[in-house]
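Chain order of the listed sequences is A and B. The numbers in the working numbering rise by one with no breaks, and the one at position 35 of the first sequence is 149. The numbers in the working numbering rise by one with no breaks, and the one at position 252 of the second sequence is 312.
Keep in mind that the hints were calculated from the coordinates and are not lab data. The beta-carbon is built from N, C-alpha and C at its ideal position, and this holds for glycine as well. Wrong hints could be hidden among the right ones.
[As the list claims (entries may be wrong)] Take a look, some chain B residues computed to stay more than 10 Å from chain A by CB distance: (1) E89; (2) L104; (3) P165; (4) V224; (5) C240; (6) D248; (7) E260; (8) T262; (9) R268; (10) R275; (11) E298; (12) P333.
[Stated by the list, open to error] Under 8 Å between C-beta atoms, here's a sample of chain B residues computed to sit facing chain A: (13) A82; (14) V206; (15) D212; (16) M225; (17) C235; (18) G236; (19) A279; (20) L283; (21) D285.
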Amino acid sequence: MTDADAAGVPGCVLAIDIGGSKFAAALVSPDGELVTVHKSSVDAGDDAETLFATLVAVIDRVLAYASRVGLSAEIVGVGTAGPLTPNAALVSPLNLPGWRDFPLRDRLGERLGLPVAGALDTQALALGEGWLGAAAGVKNFMAMVVSTGVGGGFVVDGELLHGASGNAGHIGHFVVVPGGRSCACGSRGCLEAEASGTAIAAMTGRSAAQAAPSMVERTGRLVGRAVASAVNLLDLELAVVAGSVALGFGEPFFAAAQAELDAHCHLAGAVRPVIRPAGLGASAPLIGAAAVGWQALSSESPDT
Amino acid sequence: METALAIELEGARIAVGAVDRAGHVHESEAVEPNGERTGGTYELLAECIERVRSRTARHGGQIVVCGISIGGGDDLDGTTADGGVADSRAADRLRGRLSTLVGVPVYADTEGRGFALGEGWVGAAKGCNNFVAMLVGHTVRGGAVVDGRLLDGSLGAAGRIGHVMVEPDGRRCACGARGCLQSEVSIDAIESASGRPLTEPTYDVMRRVGQLIGRAGAAAATLLDVGLIVCGGRVAREYASTLFLAAQEEIDQLCRLPFDKGARIVSARTPSPSGLISAAAIGWRGLAMAGG
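Kindly generate the complete structure, drawing on both the sequences and the hints.
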């Protein structure tokens, strides 16, 4: 137990974001303030130990600052690109071939001497948005990212859904166009194969930033279609959307998605389900990772 | 022995039973009120309950909770705008009256969600913490169990797999949308699309129904990271292995991620009378959530 704990001052979370092209770490206060943030780009070709050393270097800079200002972390919260096994015990981020079933949770625990809680980056996003973002105070919602890829996370009855192997939320592989474009997963017509930045570039020969209005509208409609099925299945009231493609498209994208949602969701007595931009911007991944840590603390030790 | 009073309301039929904590049905009886709605139906139900209660007491059973599984129309899960609200209120009124009558806590839920609870308790998903169950009949209803709990959602209606979209621009659904699973594979949808009675399908009709059920099952498996889909109801029973084979083929086509690969769809296995077991499961769950 640290001095801060003994004095009744809550500790912080060491938040870690494992992305496909960069690692970030921050010390996050109990009210969600990013006390200090450090980042490092990673080389996708690096081997497992080089990647881990890069991560440790980022963490060490955060911890060095923390100790200078007299703060400490009581848990580590990780949001990581997937897939993973429950609680990020083993991670295999698609864009980092050096990590395949890498024992991230144990390695961080050994190195830091702290409990480690982990989740998919999109699940972390959902927790973060529910804590301090566009879904604050909402008990049944989803958060998703529409960027180079598409993913999501669900909160139902106030709790993040994990699923059998920790991978609940993969809305990028909901089929929106049966028999449609081939997806990297091996299936066809997945939302990610039809509406991600990668898919838009492949279809139009231009980046998503240069997409024509008709493509913006189509992308919004397909995202709305997938969200509508999730909303119906899970009885949700809100979807918040982050990611460069969605936020770059802006209002016309959200209008098309909302129109599709309105056409598909008619649950009697329900508030009209709404789709809107996520609220945390660039700090979302780290706030989300911190939320993963807080949630683990509150669920594992309800007495404290 | 602690026992749940189980009540199954399914259209024209009412069943009442006594079910213990292990899922064994000790008493059961069913009545079919002839056409009379409200008043007459309630009296019949009350008489039925009295008989089951007195037999249960005689055999040493103690009723500690009452669970109601509500089936029949397409109302309680709210797929029709006005009817949904009205019928939820009717269910609430019934719950209030019964709670006075039987003197124990009364919990009600849809047959689809009760079906999921029953399958997880004594059926095909026994011991499984992550699965989706669906009943395919005149409607398509279901429940989703994730991380060991039946999901409720904002109105307590989570698990509505019947309104997952399986065919963009498909048939118009009672809910107003197009291409919902229910609007493609309910008994009425099958009969009107094929022009044949449910019981006289072509092979292609059975395959197509299976494929679309598989498509919705695959969506649930991918979205929720559940490896098991349980399918029951009249359509599943009629089309049996032809349906399940086509459904599994569709799932195998669509579920190819490391975590959803290998998702299975299986037939319901809750023993008869499954509706009473579902109703009891609703009661026991309610009691557990209330801290009993």
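Hints and how they fare:
1. Separation of E89(B) from chain A is adequate, the least Cβ-Cβ distance of about 33 Å exceeding the 10 Å criterion.
2. Non-interface call for L104(B) relative to chain A: holds, since the shortest CB-CB distance, roughly 28 Å, exceeds 10 Å.
3. No beta-carbon of chain A comes within 10 Å of the beta-carbon of P165(B); the shortest separation is about 20 Å.
4. With a minimum CB-CB distance of about 4 Å to chain A, V224(B) fails to clear the 10 Å threshold, and the non-interface call is violated.
5. Once the 10 Å rule is applied to beta carbons, C240(B) is inconsistent with being away from chain A; the minimum gap is 8 Å.
6. With a least beta-carbon separation of about 18 Å from chain A, D248(B) lies farther than 10 Å from that chain, consistent with its non-interface assignment.
7. With a closest Cβ-Cβ approach of about 27 Å to chain A, E260(B) is found to remain outside the 10 Å limit, as its non-interface label requires.
8. The Cβ of T262(B) lies farther than 10 Å from every Cβ of chain A, with a closest approach of about 21 Å, so its non-interface assignment holds.
9. With 10 Å as the threshold on Cβ separation, the claim that R268(B) sits away from chain A holds: the shortest Cβ distance comes to roughly 12 Å.
10. Non-interface call for R275(B) relative to chain A: violated, since the shortest CB-CB distance, roughly 7 Å, does not exceed 10 Å.
11. Look at E298(B): its CB is around 25 Å from the nearest CB on chain A, clear of 10 Å, so calling it non-interface holds up.
12. Interface exclusion of P333(B) from chain A stands, the closest Cβ pair being 28 Å apart, more than 10 Å.
13. A distance limit of 8 Å between C-beta atoms decides the matter here; for A82(B) the minimum to chain A is near 26 Å, and the interface restraint is violated.
14. This hint holds: V206(B) has a C-beta 5 Å from the nearest C-beta of chain A, less than the 8 Å allowed.
15. At about 5 Å, the closest approach between the beta carbon of D212(B) and any beta carbon in chain A falls short of 8 Å, and the interface hint on this residue holds.
16. Against a cut-off of 8 Å between C-beta atoms, the interface hint on M225(B) holds, since the closest Cβ of chain A lies about 5 Å away.
17. Given the 8 Å rule on beta carbons, the hint for C235(B) holds: about 5 Å separates it from the nearest Cβ of chain A.
18. Interface restraint check for G236(B): the shortest CB-CB distance to chain A comes to about 4 Å, inside 8 Å, so the restraint holds.
19. Taken as an interface hint, A279(B) checks out: its beta carbon lies about 6 Å from the nearest beta carbon of chain A, inside 8 Å.
20. With a cut of 8 Å, the hint placing L283(B) at the interface with chain A holds, because the nearest CB-to-CB distance is about 6 Å.
21. With its C-beta approaching chain A no nearer than about 2 Å, D285(B) sits inside the 8 Å limit, and its interface hint holds.
Checked against the numbered hints above, the structure breaks hints 4, 5, 10, 13 and satisfies the rest.
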